[in-house]
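Colleague: The chain contents come next:
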Amino acid sequence: MGSVMLGYVTDFFTYETTKSVVVKSWSVGIINRLVQLLIIIYFVGWVFIHEKAYQVTDTGIESSVMTKVKGFGYHNDRVMDVADYVYPPQGADIFCIMTKLIVTENQFQGKCAEFGERFSCTTDKDCHKHFGSVLTNGVITGVCIQTSNDTLNGRCEIEGWCPAENDQVEIQPMLDVNNFTIFIKNSIRFPLFNVTRGNFPTTMTATEIKRCTYHPEKHPFCPIFRVGDVLNYTGQSVDTLASQGGEIGINIEWKCNLDLNIDYCVPKYSFTRLDAPFAKNAISKGYNFRFAKYFKTENGTDFRTLHKAFAIRFDVMVTGNAGKFNTIPTLINLVAAFTSVGLGTVLCDIILLNFLKGAAQYKAKKFEEVSEAQIEASIAQSPGSQLSLKPCIKSSYDSGAMSLATSD
Amino acid sequence: MGSVMLGYVTDFFTYETTKSVVVKSWSVGIINRLVQLLIIIYFVGWVFIHEKAYQVTDTGIESSVMTKVKGFGYHNDRVMDVADYVYPPQGADIFCIMTKLIVTENQFQGKCAEFGERFSCTTDKDCHKHFGSVLTNGVITGVCIQTSNDTLNGRCEIEGWCPAENDQVEIQPMLDVNNFTIFIKNSIRFPLFNVTRGNFPTTMTATEIKRCTYHPEKHPFCPIFRVGDVLNYTGQSVDTLASQGGEIGINIEWKCNLDLNIDYCVPKYSFTRLDAPFAKNAISKGYNFRFAKYFKTENGTDFRTLHKAFAIRFDVMVTGNAGKFNTIPTLINLVAAFTSVGLGTVLCDIILLNFLKGAAQYKAKKFEEVSEAQIEASIAQSPGSQLSLKPCIKSSYDSGAMSLATSD
Amino acid sequence: MGSVMLGYVTDFFTYETTKSVVVKSWSVGIINRLVQLLIIIYFVGWVFIHEKAYQVTDTGIESSVMTKVKGFGYHNDRVMDVADYVYPPQGADIFCIMTKLIVTENQFQGKCAEFGERFSCTTDKDCHKHFGSVLTNGVITGVCIQTSNDTLNGRCEIEGWCPAENDQVEIQPMLDVNNFTIFIKNSIRFPLFNVTRGNFPTTMTATEIKRCTYHPEKHPFCPIFRVGDVLNYTGQSVDTLASQGGEIGINIEWKCNLDLNIDYCVPKYSFTRLDAPFAKNAISKGYNFRFAKYFKTENGTDFRTLHKAFAIRFDVMVTGNAGKFNTIPTLINLVAAFTSVGLGTVLCDIILLNFLKGAAQYKAKKFEEVSEAQIEASIAQSPGSQLSLKPCIKSSYDSGAMSLATSD
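Sequence lines, in order, name chains A, B and C. According to our numbering, the stretch in the first sequence is residues 1 to 408, in order. According to our numbering, the stretch in the second sequence is residues 1 to 408, in order. According to our numbering, the stretch in the third sequence is residues 1 to 408, in order.
Treat each hint with caution, since some may be false.
When chains are identical, the list treats them as one kind, so a pair holds in a single copy or across two.
To be verified - Quick list of in silico lysine to any residue cross-link-like pairs, SDA-like style, CA-CA up to 20 Å:
1. K324 with A276
2. K293 with R304
3. K68 with H219
4. K210 with K280
5. K324 with D11
6. K218 with V266
7. K210 with R118
8. K129 with R304
9. K357 with S371
10. K111 with D302
11. K68 with I94
12. K70 with T305
13. K255 with T301
14. K24 with C222
15. K357 with F13
16. K52 with N153
17. K285 with K308
18. K324 with A53
19. K357 with E376
20. K324 with W46
21. K210 with F131
22. K357 with R273
23. K293 with T205
Simulated from the structure, these hints should not be mistaken for laboratory data. Just so you know, these numbers come straight off a predicted model, no measurement behind them.
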């Protein structure tokens, strides 16, 4: 019993290694080493150094953005400050700077004539086609009313906030927006590595920050952006944007290699016009929205001032990822690299066994053939001894291409 | 010296290939090729074609959403327009359409009776249990005051904005919300591939867009959505949503195969009720929030109108990823595929060396055994020549299962 | 013809397996098995069990957050309720609780003296240095005007909303914020697996939710958070935050192993101070923003009340990922594991062929050499028969280290 056990243990602690044929041929030898070199160069140069396949990547960046706009502008002979032109006011990552306001004052609930040539009429019937339209300033009642300033033609009547808005007026946009500044405070975190970073260095003093203005080369880490510069970087003219509105993306990109010093983990800013994909469509050029301020008369009646605001909307978008050495991707890629180096033999086998002088001889050396017939014969002849098995080596027709599938 | 050098060089430019045993047996041969075929089919069909393992994927989609609601509704005998019922007004990705407003007008700072049966009292002591409660309309003072309309019972007194809100009133919600339309402008970017797309084709004209309404089959790329349709797609009734409020998710999904023409990179819309996971909880059905409009009397006293707004909140959520051919995943998966094909030999080895007739003979062919004793003997006998080493081939007990670990 | 065809078919259905040398040596055998054991332990323990490499991961979590604040506070002798101190009111994922308000009432458009010692002047020239400054309360006109309360020195004149804001006043912040509660409703979805979850169990009743308060151990799934507790968890003092403002992150983390019961897919809350990376910078401590309420006089002149609000901003950030068994990563990692086990032979080969007694003998067993000269000789001798090819086994100088590249 014990010796059988020992036999098993002895059999277990053996080492099995493949038997190899070493071909001493300059042609195949050089091809072999060349292929291996190419594979190694590819893996070391591209996979490991360029693509950093030895790192695990955290793409789930957590970000918090705080913004603050400063500056004064003239609009309709009034000075506008931050509380007047920034919406929403709380300094979110998406905020609008209103550059042109079409103001319709003292709107009360009631009935009045709709504004616009499209709504001119002579009889009530002319207005019925507008029933249910959402492109009006109120609910179409279906009545055609005479207006004082247009005695021949009437206008379709609407029910809602009156008087109706006239958004065709020419208003000078607030071009002072060019000199406004945006302060962006962005703190990010890579949860996988528990790394927290801010968008300006901790060594920057308050005075340094207050005085600087972002410049891609001179002040790449200054968190204060001049609106004119930002529009410039996106290639937009301030006149068009201020009068039609538009959407500007301020992208903060964090690409961090955490195997290096954490100080190299810095933001990179880029600026794009977000509505660029729609540049060819005639619709919805620009950006505008409507909001109202509500008032009460002395006797408690509600009235409002409607604002159609053309605004430049800024979207601060934070993207990024961080990489750090990790054994799992390293191992998997190393194994892939080693295995790939081994795959070089596939190519060499094809050359060796098919195209080289003496291919048949090489085949005979590489492949040892055993057929069912031989095995059966050997069993019949001497069932107890397999030492008498006479090797019958002959050329195999198994092509090198086939060995591609079985070589490892 | 030179000849030794040459010897090393000659030895380096050799080609080493494994010595193989070719078993000419129909049974193992067929099993071998079948296993290889299955593995190849799996890799080609599933890994490469279905799962596109040859692509690198960008999941860090950047997105900017602009929305615009249009439509008129009647609420409390007043016509409500966009400036009245949409909050926030700037056309963000998350916006609310208020469908029911409980308005408490002319609230002044002061002390008054709390509203509700829960706060009825006869003595001050009855009110002490409410101290510090956050479910009231103001700070409980601990005093029980008589109210004119309830002579027997008093009400607990609160300090804050008076009169207290009565949110139990029955108010007809604004069902016209059904006919409102939402225009969504969504531009996305895949930073890894620097691909920018908009959610409607650049060939669409302004008139086409203004006239169309989204329909999953007929107009899948129309960016204008009827609220009634959206609620329909989520299986919600407009009556419940309009009176209780609710959260609707409009999901824009971008799944782009950038190996194809960029025109196939289009959005797919889906609609869900976001508070679905809480459907079973009795709490917080629906969605509402409070806001106030502030006024001043002639002599400068502040007063406000409190609104409890029941709203349908729309969250436009953009998700997606883009894939494009890349050598790294392709190579890693190809290597995995080749290696896996090679792993087929493990199964065949087990069959060949254990279950086939003549297994012992096959073992003798496959394994060549060498023991420490032999080596030592051979060293003692002829230390200078290893050609005289007599191979001692005998059956190995190493099972095929063991060779699983060492076969490659 | 047919027999040639059959020959090809017979040749195709063969099975090729590597010829192996089994070394019966305790030293190499034990090293071999030990290395294999270590590799297996690494893959099973770390790669598969700890890192769950058999799962595919969805990191594109979709999330919708609804918040509701409750509580009353005293500020400037007035009771503030939710409609007064929360901005924006609609219950978004980012909201501010204003804790200190510097109110400048009755501002009209006009010209007046700027506030602050910095703007004191004796002649107009003293004011010219402030031209274009954005750190003022209006546009500097360049005129120095005498102010009634400061007869010796004048102040620079500004144009804009007058009177200018004095933000240096000492105001007691609303410390009652400590007792406010935040209710968070968060529903998430993993689009890859189409799994939807809410942040509190469906078994929780309305009364249970209304009564509970979040506690990391006692009530980890209660969705109601006391502001005081949250500030406590981040290690911040309420006094500093309430008077200077600040940004608090409420992180909801979903780490779901969908191979387990879905009930284990639960949120984990953590709380951080988001402006922590800027703690060392002197600038922009805290968080504040300005907004205005607009009024009209009887005769229609606009005036406003400017608020400088110091607020605690809460960012509810939802992160997470879900993993589920998938064949592709499993297979790739299994193949990597098997291949890695095979790579153990590389180490053993180096030991066997270089450092073991009888290394030359082992080399002779493992490597069979064939040179171009032999092949040519054999072709010349008997071109028809390769059976007569006499194997010429001799020691190869190919080191074990070299075989690292070609072993598989």
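Colleague: Each of the hints needs a verdict: does it hold here or not?
Modeller: Outcome of the hint check:
no.	hint	verdict
1	K324 with A276	neither (35 Å within a copy, 23 Å between copies)
2	K293 with R304	both (5 Å within a copy, 11 Å between copies)
3	K68 with H219	within (19 Å within a copy, 38 Å between copies)
4	K210 with K280	between (40 Å within a copy, 16 Å between copies)
5	K324 with D11	neither (43 Å within a copy, 40 Å between copies)
6	K218 with V266	within (15 Å within a copy, 40 Å between copies)
7	K210 with R118	between (52 Å within a copy, 16 Å between copies)
8	K129 with R304	neither (29 Å within a copy, 41 Å between copies)
9	K357 with S371	between (27 Å within a copy, 12 Å between copies)
10	K111 with D302	within (15 Å within a copy, 26 Å between copies)
11	K68 with I94	both (11 Å within a copy, 16 Å between copies)
12	K70 with T305	between (25 Å within a copy, 19 Å between copies)
13	K255 with T301	neither (57 Å within a copy, 53 Å between copies)
14	K24 with C222	neither (65 Å within a copy, 70 Å between copies)
15	K357 with F13	between (42 Å within a copy, 18 Å between copies)
16	K52 with N153	neither (74 Å within a copy, 66 Å between copies)
17	K285 with K308	within (15 Å within a copy, 35 Å between copies)
18	K324 with A53	both (10 Å within a copy, 18 Å between copies)
19	K357 with E376	between (35 Å within a copy, 8 Å between copies)
20	K324 with W46	both (17 Å within a copy, 18 Å between copies)
21	K210 with F131	between (56 Å within a copy, 16 Å between copies)
22	K357 with R273	neither (65 Å within a copy, 73 Å between copies)
23	K293 with T205	neither (40 Å within a copy, 35 Å between copies)
Figure legend: structure checked against the earlier numbered hints; hints not met, in rising order: 1, 5, 8, 13, 14, 16, 22 and 23.
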